[in-house]
Amino acid sequence: MGTVISQSIYDSDAQKIAKEIDTEIKNLENINLSWRIKDSDINRINANSGNFTKVDDRTIDWIKTSIDVSKNCNGVFDLTVGPLIQLWNIGSDDAKVPTSDELSSALKTIDYKNVIISGNEVKCGKGQNLDLGAIGKGVACDQIANILDNKNVKGATISVGGSILLYGKNPNAANWALGIRNPIGKADDYVAILKLDECFVSTSGDYERVFEKDGISYHHILDPRTGYPAKSELLSVTVICNSGLLSDALSTACFILGYENSISLLEKYDAQGVFIDKDLNVYVTKGIQNRISITEPNFKLVKGN
Amino acid sequence: MKSNKPFLKRADIILIVIVIFICIVLFLPNFLNRNSSAVAVVYKNGKEVQRISLDSVAKSYEINLGTEPANILLVEKGRICYKSATCHDKLCVKQGWLSKSGDTAACLPSKTLVVIEGQSSTDEPDIISY
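Residue numbers (the working numbering), protein chains in the order written: chain A, 1 to 305; chain B, 1001 to 1130.
It is worth saying that the hints were derived from the structure and are not from the lab. Hints should not be assumed to be uniformly reliable.
[Claimed, not checked] Under the rule of at most 25 Å between Cα atoms (straight-line distance), these lysine-lysine pairs were calculated in the DSS-like manner:
| id | chain 1 | residue 1 | chain 2 | residue 2 |
| --- | --- | --- | --- | --- |
| 1 | B | Lys1100 | A | Lys169 |
| 2 | A | Lys231 | A | Lys186 |
| 3 | B | Lys1044 | A | Lys169 |
| 4 | A | Lys286 | B | Lys1077 |
| 5 | B | Lys1047 | A | Lys154 |
| 6 | A | Lys286 | B | Lys1059 |
| 7 | A | Lys54 | A | Lys123 |
| 8 | B | Lys1083 | B | Lys1044 |
| 9 | A | Lys151 | B | Lys1047 |
[Said to hold, decoys possible] Some chain A residues well away from chain B (every beta-carbon gap over 10 Å; in silico):
| id | residue |
| --- | --- |
| 10 | Lys19 |
| 11 | Ser104 |
| 12 | Gly119 |
| 13 | Asp197 |
| 14 | Val210 |
| 15 | Glu233 |
| 16 | Lys286 |
[Unchecked claim] Covered stretches of chain A (chain B as the covering partner; in silico rule of three or more C-beta atoms under 8 Å from a C-beta of chain B):
| id | region |
| --- | --- |
| 17 | 40–54 |
| 18 | 179–188 |
The beta carbon of each residue, even a glycine, is placed where N, CA and C say it ideally should be.
Use the sequences and the hints to build the structure in full.
This is the structure in structure tokens:
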């Protein structure tokens, strides 16, 4: 996934478990998720577009959940966004600004409604291209939680490229203390601390994987309606819920939707959110308003609804 | 006979100052920790059933633990107690309010326990989401 994975596992067998987790993540990438790796489920579905392809049960589940999120956010999150992602290729050395012809032909292929599931087979429309990159890290967190369940681990904090699993109980305090990255600061800077129990957390921000061309900087969260990086009033969105996949998918969708339009979406999934806008206002949903403290004086806490 | 030695020698005063200073240094952390908010953890049969952030309690309320003998907890901003119990000796109720980290009350007949855990101070996050 080209991501940094960090783990703190509070268990006497921590090293062994950490190794197992590394193996699991490699499997995820090779067997299920990556469109770059030949013979992965996603790659086979794409290569066989227009026809049904038999895949792993887990892949079916993830595609189902992704389609469900797409429906609930009117397609601002869409798993058929593949051609658009490949066109921009942001995050690689070959990143470029596509021509408008290229964009319009890529946009024509994007529509989650053309992805059909039947039993353990999946079919995407002819010429469509699935990309589960937006949920890969969250899915990895879900799988890691399963491993920790099996090992009866008491507590652990896991980061898969910035998507977070806070597992079990913090042996040193009543809660876990989660920092939210400062969207206008350096990589280690944070603007707020949230006191959380077991949960999954994902942040989407315009500072990740940026590419510059002719003095304009382009971030990697592409809006499947326009083909361009989402014009959002937000610098970042952090979503907290009980699924890694959902926290990843929702943070992407909420970034594109903006604060006001995200509230009902988050409520549907019983998720909480922290939205930081360009005026450095920090909007916090009801369920976590008494768990947040702002640590950077430039940022203002706004208790939303 | 009148002694013209002073009541306190210079060395005595220095000693007293040092002792007071040590006392302050030792007790300071206690006072500072008062600011950290407390979490009441309620156990039933040895299993955690509820976790209440006492600082964020807006209005006081009661919790019926649904045990036999019956236990009613009363939760207020910053503190919690066993309000009533139908057990024989009512030691749990006599324990009174719990508010500071480490405060504990238990009702042995109904196998319930309330412990106050200190919330970690907000200085350093365990992990950063980006």
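Structure-based check of each hint:
A C-alpha spacing of about 20 Å is found between lysine 1100 of chain B and lysine 169 of chain A, which places the hinted pair at or below 25 Å, so the restraint holds. The suggested pairing of lysine 231 of chain A with lysine 186 of chain A holds, with an alpha-carbon distance near 22 Å, which does not exceed 25 Å. Only pairs whose Cα atoms come within 25 Å are accepted, and lysine 1044 of chain B paired with lysine 169 of chain A is accepted, the gap being roughly 18 Å. Restraint check for lysine 286 of chain A and lysine 1077 of chain B: the C-alpha separation of about 19 Å stays at or below 25 Å, so the hint holds.
Proposed proximity of lysine 1047 of chain B and lysine 154 of chain A is supported: the alpha carbons are some 14 Å apart, at most 25 Å. Taking the CA atoms of lysine 286 of chain A and lysine 1059 of chain B, the gap is near 17 Å; set against the 25 Å cutoff, the hint holds. Among the hinted pairs, lysine 54 of chain A with lysine 123 of chain A is consistent with the structure: their alpha-carbon atoms are about 9 Å apart, no more than 25 Å. At most 25 Å may separate the alpha-carbon atoms for a hinted pair to count; lysine 1083 of chain B and lysine 1044 of chain B meet this at roughly 17 Å.
Between lysine 151 of chain A and lysine 1047 of chain B, the direct Cα distance comes to roughly 19 Å. Compliance with the 25 Å bound is thereby established for this hinted pair. Even its closest Cβ contact with chain B, about 20 Å, leaves lysine 19 of chain A beyond 10 Å, as expected for a residue assigned away from the interface. Non-interface status of serine 104 of chain A relative to chain B is upheld: no Cβ of that chain comes within 10 Å, the nearest being about 33 Å off. Every CB of chain B lies more than 10 Å from the CB of glycine 119 of chain A, the least distance being 37 Å, so the non-interface label holds.
The beta carbon of aspartate 197 of chain A sits about 7 Å from the closest Cβ of chain B, which is not more than 10 Å, so the claim that it is off the interface is violated. With a closest Cβ-Cβ approach of about 13 Å to chain B, valine 210 of chain A is found to remain outside the 10 Å limit, as its non-interface label requires. With a minimum CB-CB distance of about 20 Å to chain B, glutamate 233 of chain A clears the 10 Å threshold, and the non-interface call stands. Residue placement check: lysine 286 of chain A keeps its beta carbon more than 10 Å from all beta carbons of chain B (closest about 12 Å).
Residue count for the region 40–54 of chain A with a Cβ under 8 Å from a Cβ of chain B: 0. That is fewer than the three needed, and the coverage hint is violated. Here the region 179–188 of chain A counts 5 residues with a CB under 8 Å from a CB of chain B, which clears the bar of 3, and the coverage holds.
Going down the numbered hints, you'll see the structure goes against 13 and 17, while the others check out.
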